[in-house]
Each structure stands twice: as C-alpha cells, then as structure tokens.
Amino acid sequence: MHKDSNFHIDPDQIERNFAEIHPAMTPAEAAVEANRCLFCFDAPCMHACPTHIDIPGFIKKIASGNLKGSARVIFDANPVGATCARVCPVEVLCEGACVENTLLQKPIEIGRLQRYATDFTISKEIRLFEAGEPNGKSIGIVGSGPAGLSCATYLARLGYAVKIYDKRAFAGGLDTYGMAEYKMPRTVSLDEVAQAEALGVEFILNTEIVQAPEASGGVSFADLKQRHDAIFLGIGLGATNKLGIAGEDLDGVYDALHFIEKIKTRHWSSVPLGKSVVVIGAGNTAVDAATQAKRLGAERVVMLYRRSESEMPAYDYEYELAKQDGIEFVWQAAPIKILSQEGVSIVVGGLLLTCEKTDGSRELLEIPCDMVIKAIGQEKMRSFFEDVAGVALDEKGRVIVNEQMQTSDARIFAGGDCVNGGGEAVEAAQMGKHAAIGIHSSLTGETVEFAGAILRDPPKAPVDPNPH
Amino acid sequence: MADLSINFAGIKSPNPFWLASAPPTNMGSMIERAFDAGWGGAVWKTLGEPITNVSSRLAAIDHGAMRMIGLNNIELITDRPLEVNLKEIAACKKKYPKNAVIASLMVESKREAWHEIVKRTQDTGCDGFELNFGCPHGMSERGMGAAMGQVPEYTCMVTEWVKEVSEIPVIVKLTPNVTNILPPGLAAAKGGADAVSLINTINSIIGVDVDTMVPYPNVNGKAAHGGYCGPAVKPIALNMVAELARNDEFIIPISGIGGVSNWRDAVEFMLLGAGSVQVCTAVMHYGYRIVEDMIDGLNNYLDEKGVASVDDIVGKSVGRVTDWGNLDLNYDVKAHVHEDKCIRCNLCYVACEDGAHQSFEFVESNGHRYPRVIEEECVGCNLCYLVCPSPGAITMERRDDGSNPQTWKERIHK
Numbered sequence: 001m002h003k004d005s006n007f008h009i010d011p012d013q014i015e016r017n018f019a020e021i022h023p024a025m026t027p028a029e030a031a032v033e034a035n036r037c038l039f040c041f042d043a044p045c046m047h048a049c050p051t052h053i054d055i056p057g058f059i060k061k062i063a064s065g066n067l068k069g070s071a072r073v074i075f076d077a078n079p080v081g082a083t084c085a086r087v088c089p090v091e092v093l094c095e096g097a098c099v100e101n102t103l104l105q106k107p108i109e110i111g112r113l114q115r116y117a118t119d120f121t122i123s124k125e126i127r128l129f130e131a132g133e134p135n136g137k138s139i140g141i142v143g144s145g146p147a148g149l150s151c152a153t154y155l156a157r158l159g160y161a162v163k164i165y166d167k168r169a170f171a172g173g174l175d176t177y178g179m180a181e182y183k184m185p186r187t188v189s190l191d192e193v194a195q196a197e198a199l200g201v202e203f204i205l206n207t208e209i210v211q212a213p214e215a216s217g218g219v220s221f222a223d224l225k226q227r228h229d230a231i232f233l234g235i236g237l238g239a240t241n242k243l244g245i246a247g248e249d250l251d252g253v254y255d256a257l258h259f260i261e262k263i264k265t266r267h268w269s270s271v272p273l274g275k276s277v278v279v280i281g282a283g284n285t286a287v288d289a290a291t292q293a294k295r296l297g298a299e300r301v302v303m304l305y306r307r308s309e310s311e312m313p314a315y316d317y318e319y320e321l322a323k324q325d326g327i328e329f330v331w332q333a334a335p336i337k338i339l340s341q342e343g344v345s346i347v348v349g350g351l352l353l354t355c356e357k358t359d360g361s362r363e364l365l366e367i368p369c370d371m372v373i374k375a376i377g378q379e380k381m382r383s384f385f386e387d388v389a390g391v392a393l394d395e396k397g398r399v400i401v402n403e404q405m406q407t408s409d410a411r412i413f414a415g416g417d418c419v420n421g422g423g424e425a426v427e428a429a430q431m432g433k434h435a436a437i438g439i440h441s442s443l444t445g446e447t448v449e450f451a452g453a454i455l456r457d458p459p460k461a462p463v464d465p466n467p468h
Numbered sequence: 001m002a003d004l005s006i007n008f009a010g011i012k013s014p015n016p017f018w019l020a021s022a023p024p025t026n027m028g029s030m031i032e033r034a035f036d037a038g039w040g041g042a043v044w045k046t047l048g049e050p051i052t053n054v055s056s057r058l059a060a061i062d063h064g065a066m067r068m069i070g071l072n073n074i075e076l077i078t079d080r081p082l083e084v085n086l087k088e089i090a091a092c093k094k095k096y097p098k099n100a101v102i103a104s105l106m107v108e109s110k111r112e113a114w115h116e117i118v119k120r121t122q123d124t125g126c127d128g129f130e131l132n133f134g135c136p137h138g139m140s141e142r143g144m145g146a147a148m149g150q151v152p153e154y155t156c157m158v159t160e161w162v163k164e165v166s167e168i169p170v171i172v173k174l175t176p177n178v179t180n181i182l183p184p185g186l187a188a189a190k191g192g193a194d195a196v197s198l199i200n201t202i203n204s205i206i207g208v209d210v211d212t213m214v215p216y217p218n219v220n221g222k223a224a225h226g227g228y229c230g231p232a233v234k235p236i237a238l239n240m241v242a243e244l245a246r247n248d249e250f251i252i253p254i255s256g257i258g259g260v261s262n263w264r265d266a267v268e269f270m271l272l273g274a275g276s277v278q279v280c281t282a283v284m285h286y287g288y289r290i291v292e293d294m295i296d297g298l299n300n301y302l303d304e305k306g307v308a309s310v311d312d313i314v315g316k317s318v319g320r321v322t323d324w325g326n327l328d329l330n331y332d333v334k335a336h337v338h339e340d341k342c343i344r345c346n347l348c349y350v351a352c353e354d355g356a357h358q359s360f361e362f363v364e365s366n367g368h369r370y371p372r373v374i375e376e377e378c379v380g381c382n383l384c385y386l387v388c389p390s391p392g393a394i395t396m397e398r399r400d401d402g403s404n405p406q407t408w409k410e411r412i413h414k
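In the order they appear, the protein sequences are chains A and B.
The numbering used here applies: residue 1 is where the first sequence begins, and numbers increase by one.
The numbering used here applies: residue 1 is where the second sequence begins, and numbers increase by one.
Chain B on its own, in the form it takes in the complex (with noise of 0.2 angstroms):
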C-alpha cells in the first residue's frame, strides 16, 4: 500500500483526490458524504455576492452512445446566505479535521471586500483559500471570476491583498480563457500565491436545438455562452498544466483540474506536475462513489510501478514536454500491419489515402485482403493506429538506429 497522503502547499490531505468548488460541494452535508465515501478534501462552492440563479443551466455533449462527454453550465456561485455556509464550514472541518477543507472565494474587486470576506472564512478554521477568477459566465460580466484571470496585474493584485491578511494557504483558481498561460499564472505567484488551480472552465456554446433555434441551455427563449467542463477538456487543461510546470520560473504547487474522471486521468495531470486534482464532472454524472476507484486504481498503479509515495510521481512526466524545436528530426517510425490481429475494416487504408500520404495498399494474404504499409510513403504520423479498432493490429516501429539525432533548434543554428 503506497502512501497516498499529500501536503499540497500547507494543506494536508489523506489523498490527493479533491472535489472542485462546483455543485457537488454546495453544502456541508453534501460534503461529508463525500468524505465518507473517500474523497480527502473539497472546495467549497465559492462564497461571495449574493446572487440570483436561473434555469435551467446544464447542457451537454454526447459522443454516440457515451453521454456527457462535455459539460457546459451557467450556474453562478454559491446562493446560500454566506453566514450558513461559514458555519456548515466550521462543523464539516470540526467533524473532518483529517480532510482539506478549502473555501473558494469571489467578491468584487475592492480591497475592503476581500479583506472582509478572508477573514471571516478564516475564522472557520478551514485549511486553505481558492480563489474565483476563473468563473468564464455571469460574474466575469460583473468583473468579477474570469475578468480578474484574465488581466495579469489584477490577478497579481487581488492575490496581495488576500495575502495581506489571509494566515492560511491560498490557491489562485486559473481560466483557461486567455491565449498563454504563463502571464496569469506567473502574476499569481507574484502576488504571493502559494498554489494555483487549473483549469477553471472553458467558454462555449455547447449546441443549438435546430428545430426551435434556440442554443443550449434554453432559459425562456435565450441562451448565453457558459463554461465548458468534463472528458472533453483533459487536453486542454493537461497542456496549461504543463505550460506552468515546465517553466523554470514558476515554482509553486498546482492542483489539476479538468476532466478528470478516473485514477488513470489523475495520475497523467500528476505525472505533468499536478500535487493534487480537483473532479466535478464525474461526479455530477456518477456520483461520490467513484473516488473509490480513484483510490484504489492508484493504489495499485503505485504498488506495481514500486513507488512508495504518491508524492514521488509529481512532475515525473515535465522534463518529457518540451517545445517543438528540441524535437530529434530524424527519429523515424513506421506503421505496421499484423494480418493476425488484423479485422480487415480498412479505415487505415482510407484514413491514410484520404487524410494523409497514400502509404497504404491491398495485399492478397491468407486467402483474404489485408491493408499493407508501403514502408517509403509512410511518414509515421500515427493516422492508422489511431483509427484503429483492433488493438495490437498497427504498431508503429521504429526504422532509425537513433545514432544521428538533430533538432530543428541544431540544424539552423549549425
């Protein structure tokens, strides 16, 4: 049994699973059964200006039979009196000193209003802040959640002044709806934050019902953009992860989020540098009990790899990602056909003609058509492999004797 306890930036938690500030964390009692069920900690659904929901404020993209692939919502924060959530935050706390308690926080962009607001949850005895600007619908229109993310010297300075009189950890909470990654990311450690979560969510019209014209989610005749969650947007949020974690200025924690539904979708943010990871989406579809798997499933990854501490494969992948320009220019893959494992759908073939170099041709084999690689057309792009249905019936091998690597970067500047 590896130890799966973490202590992301001050705060400790019995495991690095924690649920993001979202629905499934609207209240106390919600939140205890999450930690019954397993999870080690939960942030709160962000405390702030009173607000007024509407409905509906889900919608969701299907990938055939799989539903919800991607979510998309344009719930507001929290809309419980602030008193009964600050309360119901002591008792959980109290009742769970062992999880991490993190209250999440968005109020407008005054000094005052932050330092009221941080010390009044601070009295709570929760173990750390998250801080909104992240929310891409309804209170970015108010300049409040993405519109802070979005512009790096507010970030920075909001953070200061929560730092100013917070005595607890602070995570800034990043959007993802900016061009580059690093400005926001770099400003919140600037400002002094001891961590930052990411990513928040994406702005996105998820659909239109094309008999009534109306996009999704239809809320009396009208629709505005919301933010877009779930499976979908791993690999977004794998790459602004990366883009922190590999550069050398940046220094402090991250706690992942974005489509994370398994432990397998854990360990890869970990392995790019993630100290701990947020899930909300699956949870909304499948409840608390998955984090039992999460558990589990990482337990015996960790005992198979014979890594002791969960800890100890944070950033292991980093020193793998890299920009374009160190890439070796001459390692050369091929895709090969195995007729034992081959189906003989042929979508290689077609993928390849149609969506990349006409490196495929029919052999006649056994007695029935099989798709072969003509080895000098094929760039190895992975087209093939990728569409393939059959596992183990494409492998790509390797052609080159890795005795003569060369970047871009070498070759022009030789």
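Excised from the complex, chain A in its bound form (with noise of 0.2 angstroms):
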C-alpha cells in the first residue's frame, strides 16, 4: 500500500476529475429545455418519479419564471428532492419514461431542471414551508437518511416533535456519506438537512441505539419507546457483506463504503489509494468506487465479478461511465484469497489476489495489485431489529411492513433500506411520506395526504347529454 499513493496526479487534476458530471443549467439552457417540456397529462414521467413529483407543474413554473413555486412543488413531494436531482437514476426512471425519447430522440433533462429550481431556492434560504401547529406529540426517528429526513419532515409540517438520532457525525446518512463526489458534493445533503432543522426537527448526532447504554454511551431502544410516542427506523443496512476468503483482512483490503466516505471529505491527500486497484462487486457501489479510485490516480483499476457482463447489476449508464473512465473488467471470477506480497514479491508492499474462473474451467487467475475495495453488498442489520428493537425480519432480514410502513410493533415504522434490502434515495424519501402519513394516522386517526403519496386517475369528465 502507498500511502503518497493519491499524489500519483496533481491535486488540481483530482479536481477536474471531481467535478460535478451533470453541471448546473445556465439561465438561456433553462428556459430553453423547461419550454422544450410539452407539459404532459397525467405525465408518464410523474408515474416513473417514486415520490410522483408533479414534474409538467415544476418545469411549467420554471418556464413561467416562477423558481419559488417550482422548488416547492419538489420540495412538496420529495425533502430530499435536490439530492434526487443529482443522484437519482433518472435513466430508468423519470427521464426514461419522458415522451421526448420517442419524439426527438432525446428526453428532457428533468433531473437537471429540478437541480436548477432546487438551486434556487436553497442559495436564497428560501423557506417553503412552515412547522404544523405543536399536536404534543412525541416521535424518535433513528437514522437521519432520506427515509428519516423524508418522514421528519412531513411530520413536522403535520405538528409533531420530531428527533432524529443518528450514530454520525454528520447528518443525511448516505445521502452525506456515500454518493460518489462528481455526482454530488454532501453540501447538498446537509443543505436538505438544514431544511428540516428550519422546521424545528432536533438532530441528536453521535448517538446509536443500542440495547444497554452504560457499555457504549448510546441511547437504549427502551429509553426511545419512553420518550416518544413512536418510532421510525430509518437505519439501512450495515457493514459491507464479508467476502469469507484468507487474507480479507490484509492492510489494503476495504469496504466501499469506507472508502467513498473518506472522498466526501474531498480532503484527497487523506484518502487511501492504491496505484493499481480491484473492485470485487459490479453493482452501482462498485462503479462508484471504481471510477473514483480511477478519478484520484490509480493507474490501473479492475472490477471483478463472479456473473456475466449481461449479468451485472450496475445500471446501464453506470457501465458506460466506468468504461468510459477506462476501468477494466473480469468477468465469471470469483476471488479465493488475497495474499501479502510483502518483501517477496513483484509489487513491494502489494497483494496477490486469486481467483477462480466460474465459466466451468475452474481455472485460476493471479491479478496482482496493491488495493482490493470490497463492493459485495450490504449486511442486513438482524439483530438490531431482533435483539434491540424487536420487530419481526422476512427470510431475507428485511423489516416486515404493512402499507403504512407499520412494522409488528404497532407504535414502530421503518422504511429505507432496511425495509427494500438496498434501493435509490428516492424510494427511500417516499417511504418516509408514507411513514409519516401511516404515523400520524395511527397516532389520531386522522388521514393526511402529502404531494405524490398516491397517484389517482384524474376524474373524468361527465358526457353532455345535450346533442351537439
């Protein structure tokens, strides 16, 4: 392992490589692409947003001139629509369903229109909307993520004491720790962040839940159920998945996620980084932290993956940016120990990383390097969710939950990755609206409705029974 590895390029190249990949529009591209928008009905776009964003309405309101109005019709359906402007898989969701793809050709580029009006108002502290009438009640939310910020922040509006407990630093969960940093700098995030702060939501940081506070200096699970008159979990999933092979624990050897967090301090010279690196994982984690550790300097990065190209799980798009960064890929590999090279080997100070082909022939491969980042998924966290807050896990150790996000302790809510097994952000805000809606029903019996909780049919209009 290098440790002045990341000055294997100049700092103000690393920069460059970090810029943001989709760049803010200028006022002329704005207008141009809100007026290029044909204003749909019933929008197939607004069907493929998670959240149901009113997207015609907001790119409307951008084309009118009204950017306030068109940041809280986002805002309305999504609190963490400005992060979704930027990370959201729009390929496949919003802009891939845009009627421009079989029109021209070329769909809006709704995901950068919202980042424009997003903008807008968060540079301005723009406030749009205002904390509900105080309804005495209580709620604990752990995990500040997009799920928790999502359910804090509607039931903030709705009149409720909202905490928010999160074992970090800084708030915003993924959102802050683990977007890769030319897609999004956590700026972003902990403007969202700061958004839900203005409606009165208390962040308590630095503070886990576990089951016996004394040994740790967190808050017990028993503790929160007093102090609250409900509980959203919003936690996600937990350490990088083990890989059960010798040498995993080698220096050299880390997790994605460990990784793409210490980027996000954009503090480069602090990140570590190998000058040749293997990704084991070919999800969208695994691009990320492919295509950054290429973005520092690494002179050669190889992602490995033990299915077939058209098996692999990173979106489309996400493929063609890594090729594009010029990462190399194996296919049909799977790794079967990593060895330290040290003092004996080709590379002073590196790894020896062994696999096996699983096309059939079994035959082993040898890829030296001096980095291995893990990128093989996600722990679930079982015994969180058994042991400390006991509600009851399906077969794959997802939290089970009614279409209120109600989990088998009526009194908690969970949503998230840890409800999906692992999804976008966007999924993640929509099951905090729904929390949120299912909370304040359970608690008063009252039904709400928030901005893109449910798409309805639009009512269609009687017949006239005149002739004409």
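Not one of these hints is a red herring.
Restraint-style ranges between C-beta atoms, simulated for each label pair: (1) LEU455(A) with THR179(B): 51 to 57 angstroms; (2) PHE41(A) with LEU329(B): 48 to 54 angstroms; (3) LYS460(A) with ALA308(B): 36 to 42 angstroms.
Computed cross-link-like contacts, DSSO-like style, restricted to lysine-lysine with a CA-CA straight-line distance of at most 30 angstroms: (4) LYS341(B) with LYS124(A); (5) LYS183(A) with LYS275(A); (6) LYS460(A) with LYS98(B).
Just so you know, the hints here were simulated from the structure itself, not pulled from any lab data.
A virtual CB, placed ideally from N, CA and C, is assigned to each residue, including glycine.
Two chains, two separate frames, one set of hints: put the complex together.
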C-alpha cells in the first residue's frame, strides 16, 4: 500500500476529475429546456418517479419564471429533491419515461431542471414550508438518511416534535456519506438537513441506539420508546458483506463505503489509494468506487465479478461511465484468497488476489495489485431489529411493514434500505412520506395526504347528455 | 400571501383569473371542474339564438416546435338548449357561491329579445352579464356579435336596452376588428355598461393547405374566415386595453383578454389597466390545471414586490404609455456586446447590417472573432439585442446624461 499514492496525479487534476458530472444549468439552458417540455397530462415521468413529483408542473413553473413555486412543488413531494436531482437514476425513472424519447429521441433533462429550481431556493435560503401547530406528540427517528429525513419533514409539517438520532457526526446518511463525489458534494445533503432543522426537527448526532447504553454511551431502545409516541427506523443497512476468504483482513483491503466516505471529505491526500486497484463486485456502488479510484489517480482499476457481463447489476449508464473512465473488467471470476506480497514478490508492499473462473473451467487467475475494494453489498442489521428493536423480519432480513410502513410492533414504523433491502434515495424518501402518513393515522385516526403519496386517475368529466 | 380577491365592477371573485366565454365554459360540469382547479370566475359560453355548428372548426399556427401560438376558430355560440344552460348556471352558482359566474349573451338586435333573455338569465342568480359584441364569424353575418361592436351607436343602444332591465353588472365585450377601439369603448360606457372586456377574436385565415389549396379549417372543401386568438394576439390586446385605460373619458373597469397563458401575461394586462383577465386558448391547449401556477406565480410576484393586494397593481403602467410625440428625443442608448457572454453566432451583425444601421464590425479578441458595436453608427434601435440568443450578451447602455429631455411636441412648439 502506497501511503502517498494519492499524489499520482496533481491535485488540480483531481479537482477537475471530481467536477460535477451533471453541472448546473445556465438560465438560458433552463429556459430552453423548460419550454421544450410538452407539459403532458397524467405524465409518464410523474408516474415513473417513486415520489410522484408533479414534474410537468415544476417545469412549467420554471418556464413561467416562478422558481420558488417550482422548488415548492419538488420539495412538497420529495424532501430530498435536491439530492435526487443529482443522484437519481433518471435514465431508468423520469427521463426514461419522458415522451420525448419517442418523439425526438431526446428526453427532457428533468434531473438538471430539478436541480435548477432547488438550487434557487436553497441558495437564497427561502423557506418553503412551515411547521404545523404543535400537537403535543413526539416522534423518535433513528437514522437521518433520506427515509428518516423525509419522514421527519412531513411529521414536522403536521406539528409533531421530531428528534432524529444518528450515530454519525453529520446527518444525511448515505446522501451525505455515500454518493459518488462527482455526482454530488455532501453540502447538498446538508442543505436538506438544514431545511428539516428549520422546521424544528432536532438532530441528535454521534448517538447510537443500543440495547445497553451504559456500555457504549448510546441511548437504549427502551428509553427511546419511553420518550416518544412512535418510532421510525430508517437505519439502512450494515457493514459491507464479508468475502469469507483468506487475506480479507489484510492492510490494503477496503470496504467500498468506507472508501467513498473518505472521498466525501474532499481531502484528497487523506484518501487511501493504490496504483493498481481491484474492485470486487459490479453493482452501482462498485462502479462508484472504481471510477473514483481512477479519478483519484489509480493507474489501473479492475472490476471483478463472479457472473457474466449481462448479469452485471449496475445500471447500463453506470457501466458506460466505468468504461469511459478506463476501468477494466474481469467477468465470471470469484476471489478465493488474497496474499500479502510484502518482501517476496513483484510489487513491493502489494497484494496478490487469486480468483477462480466460474465459467466452468475453474481456471485460476492471479491479479497483482496494491488495493482491494469490496463492493459486494451490505449486511442486514438482523441483530438490531430482532434483539434491540424487537420487530419481525422476513427471510432475507428485511423489516416487514404494512402499507403504512408499520412494523410488527404497532408503535414502530420503518422505511428505506432496511425495508427494501437496498434501493434508491428517492424510494427511501417515498417510504418516509408513507410512514409519516401512517404514524399520523395511527396516533390520531386522521388521514392526511401529501403531494405524490398516491397517484390517482384524473377524474373523467361527465358527458353532456344534450345533442351537439 | 397577497390578497388576490377582486371586486370587478361589483362582481366578486377569489382571484382575477376568469375563463373566457368559449368551449372551456360550455357547460356546468366543466365550469365546476374549473372552479375546483382554482379559477376565480367563468364567463359561460354565449347564450342566444339556436345555431348549428360545422365540422371542422379550429386551425392553428405553430412557431418552430411550439404548437398553437395562434388559434383560429369558426365555432358559434352555445349549441345547447337555453333552458339546460339556465338550469346549470343556477346550479353552478348555488354550488360555488364565492366564484364569479357570468352569463354571456347574444340575440338579434331587438329590444324585446334582449329584455327577455336578460330577465330569464338573471333569474339564475348569476353575478353579471357579458354582452357578446365581438364574435367575428358566422353570427356577425346575421347582424349580431361584431356587427354590434363595430358600430358605436349600436353598441350604445343595445347596452342601454340591457341596462333597462338588468339588475346585475353588465360587461360589454368589444371586438378588435375596428380601426380605433376608443369609439366602441366609450359607446359602451355611454350606454351604461359597468365594464368592458377585450379583445374578442381577430378576423383571420390561418393558412392554406398548399396541396389541396383549401384554406384551414377545411369544411368540405371550403373555408370561412375565423376568429384569431392565443399567445400571438397578446400585443394587440395589450394595446387596446391600454388605449382605453389611458383615456381620461374612459373610467369603467376593463377585463383583459387575448393570449393570457401564465401569471406574467396576466400581470402585464393588469399593469396596463385590466382589473381581471380572461383565458381561453391556454386552457384549450393544456387544461384547467394551468391556473395553479397563475395563482402561485402571481402570489409569489406580489410577495416579492411587497404588494399586499392584487388591486394595487391594476393600472400601474398606464401612466407609462403615452403618444409618440411625448417621448424624449434626447434619450440615447447604444448596444454593447459583452464578450464573456457572446457565443459568436453573429446574428446581431447580420441583423444590423441588413436590417438596421450597419453599426457592427468584427474584432479579434482572445483568439476569437467577435462582433463589436460602432457606437457612432448605432441608433439604439434594440434589433441586435432582440435577435441575440444569449441572455446578457448584448445590453443597451444609456449614453446621454438625462440633463436635456425634449419631446417632438416641445420641439415643434418652441
């Protein structure tokens, strides 16, 4: 492992490599693009968005010059709408559904327009929503990622006193710690946290919810249940899965999320980096790790995947990005051991990753490298849910919830990755919205609706019975 | 949140956005859906003599990829039985007491006929009348619609007939198919109108199919001129509204109509003197839902300007409209190209060279060829600024010091 390896390329070049991949629109660009939008009715893009933002509505407001109103439409349906504008897989969601794919072979740039509108109110610190009249009820939320933040925002708008507990130093969860830096700097996520704070949501950071607080200094789950009328769990997933092979704990073997987390500080020199990097896994996080290693200056980055190219779980556009960044791919090969080559072999201080072909040949491949990044999915936090929170899980370790996001314990609700096993921020945001509606209904018996909670068919007009 | 409610000539409405008398106000169930969407008022599709419509009825002009910047129609007044409409007006008003329900009327030029329809219609409880003196096609051939509005004496006379029996405010809808809007406008006021609305549609043939050689819209191989409306007519409407608003003798309220598509258009009409605006084409294109951004955008605009009530902006620009002879001849602006924003399309250069005053030259700067203004030649016409696609790349800069204003009228009376 080369401790000074991040100086393979000069820091200015690294800055350029980490410039935002979808830069902000100029006013001229936004005007042209917004006017290109057809303002569809019952629009396919709105159906495709998991939070069902009224997309033609917010774009029409950009066209009319009502940027504040535009941002309100977005944040009304999605409290992390600025993050989603940058990190959503728009190619498979809103933009993938845009009617202009058919007509002009070029969808409206919905993500960048969404960024244009949300940048406006965030940069001007315009408050779009007010906290509801205090209703005397208190909700405890564990985890400040997109699910928790969304749930907290809607509950605060309804008048609940909301406290979010998070074990980390900054709020925002993976929006703050886990997004590829060239897609979004963490300031965007922190701005959304500030919007929730402005509604009175209280963030209790550096605080873990545990079974026995004396030992770890956290807050016990029993305490939490006592303090609050209802609990929302949006704690996501746990550590990266284990490979279960020899050498996994060697120096130079990293977990993708830890690697990305280091990059989020933008202190390039503090990020561990090899000259020759192997990323194990081929999901979207694996691509994020591989491309960022390359952009930091790694000379060679190989992605290793046990299945074939066509089975790669990353989105097509992520794969394209990896190819453009010069990532190499080894398909159908499973790692079987990692050896430290210290003092004995070709690369001093390096590693030797041995893998076996899974194409039936069982041929062995040796890849010399000096850094291995594991990106093979995250563990479920079974013990937290079963032993600490005491809620039922399904056979895959996901929290079981009903339509209102209520768990097997009627006072505990859940949403986000811990419920769907790992998804997009926008999906977590929608689950947080549904949970807020569910919590309100369970505590008050009242039904509330928030923008985009449900998509209904537009009412059909009655036919005129008179001849015409 | 600014107060958007208005009291227009005695007609109260939660906001200044009304649906114009047209297909979107054809029947009660439509207007009720419009009110649910947020429209403050609606002028019912004109009630009157029984008619038969043709097929097809509409045609439009596009601009590039933008569809329907102007719309032309040959549809007549309502084709539904009067009793049905009256019943629905009454039901609609009862269900939506806070919204403005206005009945548009048009019958033959007989005092008894007008008296009868006014009496029957006001029994519905509607908030006001709009007299359709503007329809330029079909009905005008039968001595109604624009045939009234184009003769000030008729306008005044029929308005008087209506006022003899009407117990609710009367708005006279004016036709733009006149050389000067003042005589019909003043005639309506003289006849006792409580307000006017304008403009109705403009005589038009929207185009000709160059293959069949039949103009649009084609009715079995023939076409008739229709009424033109939509975004393209807004400048004509704004001028006519301003012409009335700035005339000292004209003192009744104005409802502005013509190409209003969003809150900005509405604000422009209101600044030039309109107390309410009416919308049709934009709703025919996108649906009732457009009113949401009209309300939201107007609200945000008023809040940003620190204006408490929408009434406070009505007429704010009227004092800025004057005759040419009152403009300052010594006011002097010159175009200036900002190279940091210039994209070097040179449209300014060619527009000025062939369409204005040959005031551009090319210069080498930072390794590129840029257009630059020759100030001595520039007359400050704005053309380069208007053709420039890049916002901020050309600005018009003031060059006189403002110390010596002089108008044409002052110069010739010296």
